[in-house]
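A.B. asks: Spelled out from the first residue to the last, the chains are:
Protein chains: 2
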Amino acid sequence: MLERPIIQQRGFRNTADGSGATGFQLRLRNPNYRGISGSLVDGADVIVDGRAFPRDAQRWTLQGRTFTLAELRASTDVRWQLDETATLHIDHPGGLGAGVHQVEVAVRLRRPYIPEIAGPSVFRCSTTATIVPGTGTPHGLRHGVSLYSYSGDLYTSMTLEDAMADIADLGATGIEILGEGNIPGYPHPDPAWIDGWHRLLDEYGLTATNYGAWVDTAMWHDRDLTAEEGSAQLERDLRLAKLLGFTSLRPKFGVVTPELDPHPLWEPAVERVLDLAADLDIVICPEIHSPTPIKHPVTQAYLDFVERTGSDHFKLLIDTGIFQTAPVDDGHEGFEGKKRPPFLEPLAVPMGDLAEILPHVHFIQAKFFEIDDHLTDLHIPWHDIIATLHAADWQGWLSSEYEGRREPGRGRDQVRRQHALLRSLDGTARA
Amino acid sequence: MLERPIIQQRGFRNTADGSGATGFQLRLRNPNYRGISGSLVDGADVIVDGRAFPRDAQRWTLQGRTFTLAELRASTDVRWQLDETATLHIDHPGGLGAGVHQVEVAVRLRRPYIPEIAGPSVFRCSTTATIVPGTGTPHGLRHGVSLYSYSGDLYTSMTLEDAMADIADLGATGIEILGEGNIPGYPHPDPAWIDGWHRLLDEYGLTATNYGAWVDTAMWHDRDLTAEEGSAQLERDLRLAKLLGFTSLRPKFGVVTPELDPHPLWEPAVERVLDLAADLDIVICPEIHSPTPIKHPVTQAYLDFVERTGSDHFKLLIDTGIFQTAPVDDGHEGFEGKKRPPFLEPLAVPMGDLAEILPHVHFIQAKFFEIDDHLTDLHIPWHDIIATLHAADWQGWLSSEYEGRREPGRGRDQVRRQHALLRSLDGTARA
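In order, the protein sequences belong to chains A and B.
FYI, the numbering used here numbers position 104 of the first sequence as 104, with every residue one higher than the one before it.
Just remember that the numbering used here sits 1000 ahead of the position in the second sequence, which is counted from 1.
Pulled out of the complex, with its shape left as it was, chain A reads as follows (with noise of 0.2 Å):
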């Protein structure tokens, strides 16, 4: 699906040559109710951070082919219709800097059945978009997003195909699916649904990363789950975990106390799967989440089994909200009249815990709720988490989980923001 406003924010990007940056493109939606002929496209004036960029030097790409605008107004045989976009062509020598540019566009289109003194249609949109910088230096970090971070606009606004454009469209490889959640059929897909999973991975470039998973104990009202069940649950997703080519898997276990210590039975039910996580060469990583620290009865758990089972297919998933140094008062879909369940509270674990823990830790969502104009993340320390992260030189996944409010259209332009924010630091964050 297309972007609802006119100008959207996936393709929003500088354009190189050899030598560097020498403009910037924008995909604009037609803002007309019927498709057009390339000839009464009258242009698009451009204003970006208050600076004008006349449309006489602008070039248009229509149907894959470019034009300036007077080979536009001149065309015989390209259009612009209602479920494709045009690319305009700005230059701009140098290009935009990376981050949040305010952007205004005014798309003029001539309409013959509207009388002439009436002068063009002009369709005017202004918003935020936002440049994220190339990857840069190959480094041991591995850019990611978690399909979370689409809640509420994935199925009514955006397809699977949307996401992964989107997610390729930022520089990132990895993308991390919800089981339950993402997978049409679950848990049994169809096949043709499989194949076309990795038709758009080879598509659009990605690797599928981790795979979120669920052991519901409390699903039955009448008892919880037995160690069985919850292992046959286990078994299920690893198994639809390693046909979709994933690489590991986080299980969440039901809790048993307002601490989210989990069930008992998590022990024995990985237990019973680890042979088999290590025969798919799939690594389960339990998530160690807000309110739950690094320094914590159930983070020594499983670094307990890790230790007493010896595999090397059980590992951490850290999830970034544990570093949280300001309130979240957004509040959270489903939590009744809590405008700050305990899990947006603050909870600023050091970073000398994650440090220490860091050789266990094989996947890392990137929570995060708010980043402002400025490129400013108003809750997670993002310079301070990358650099224990180069110090270190920790090799793994960086996952995008946009965990703030769910107006239409807000995950996709705060995972740019994020994307923009993780890549500037890549490239500062270690000197």
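Since the hints were made in silico from the structure, they are not lab data.
We put the beta carbon where it would ideally sit given N, CA and C, even for glycine.
A few of these clues could be false.
Stated by the list, open to error - Per the computed footprint, the stretches of chain A lying under chain B, defined by three or more beta-carbons under 8 Å from a beta-carbon of chain B, are:
#1 81-93
#2 211-223
As the list claims (entries may be wrong) - Computed beta-carbon distance windows for the label pairs:
#3 B:Ile1047 with A:Asp393: 52 to 60 Å
#4 B:Pro1408 with A:Asp384: 36 to 44 Å
#5 B:Pro1297 with A:Pro93: 53 to 61 Å
#6 A:Glu271 with B:Ile1194: 42 to 50 Å
#7 A:Asp372 with B:His1188: 46 to 54 Å
#8 B:His1188 with A:Asp45: 42 to 50 Å
Put chain B on the given structure of chain A with help from the hints.
C.D. replies: Only chain B this time, still in chain A's reference frame:
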């Protein structure tokens, strides 16, 4: 795609047995960020127009199977996936009245990974939703919808199939499209798309009605189209319309005066394709659209053309905007600084003029801008229009064309309201 709010407009309807309406049903989107087992669904509190319908008395349909809440709690093999809806069945002898209702829902889900002291998670949604009455006694009027009504929503939150499902859901049987707008790859759609189009028509029980075409007389910058070029465009659209099963085609010609006089090439261009239209059995029907009334030289010229050519494949299309009795002050996309373009002024064409011309009218676009919570149209006198059509025993399509504000989802909601209004009038206006 699903609608973003938890409560889906599509699917809100009365349920009946042989003796009449016994209750109503509501379709809900899973408001959580993951799919869940049916046993974790703890019901939904529903309030309609201030009246509470207790959750223990409801039945739920998930994945094609229907459960009481007790059965759902005990279920072991049914899920509520993110990309599927649940249908809630509520007993209410006599059903809900036709029209707009205030509907509130609080969906309760158990989430085992959230401490029990937090209780079930509650997800609330409050909205208006419209009950469209049954089609009632058959008569000459047939009800359809133009995809123009969904401008802005189509391709951003609605697929073509969503539009067709919406139309079928409100009991309409006709679909009108914009050729250059709703046909991907226009003017040469993929044969697979054409097959899919016919499959969807069958699946949703819809008839292809009118095909909107344009003859953009001012599409070149250095000269007007010639009559030959104009007729070539008409021929292309006629053949494409036939391929898709349409039985009429509205050509929209460029205009040459502020009063919307069409470019004079309309006459030779149409005359060249009259035989083709007869061969294809497609009626060409130019649109009588505000600010052009019925008693006007443009309309008269069309009637003179019919008389001169003797063709029965050239008739009139009436846009009900010409009957508008109050100004529309919501502006119009593309019109800069003009709060009220001429076609949004109340033209208030008398019903007598409509009655006089009805023998020449092939199709009616049921243009409207806003219908309020009491099913009152603020601008278009539907009672008078329907009474005039009934009195003349006019046979043909009344095709919804919503042209009001374009907030996301508004067109879909307004079309339901219009059909509730028109269907209610069907039963009363003849009296």
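A.B. asks: Against the structure shown, which of the earlier numbered hints fail to hold, in ascending order?
C.D. replies: The structure breaks hints 6, 8; every other hint is satisfied.
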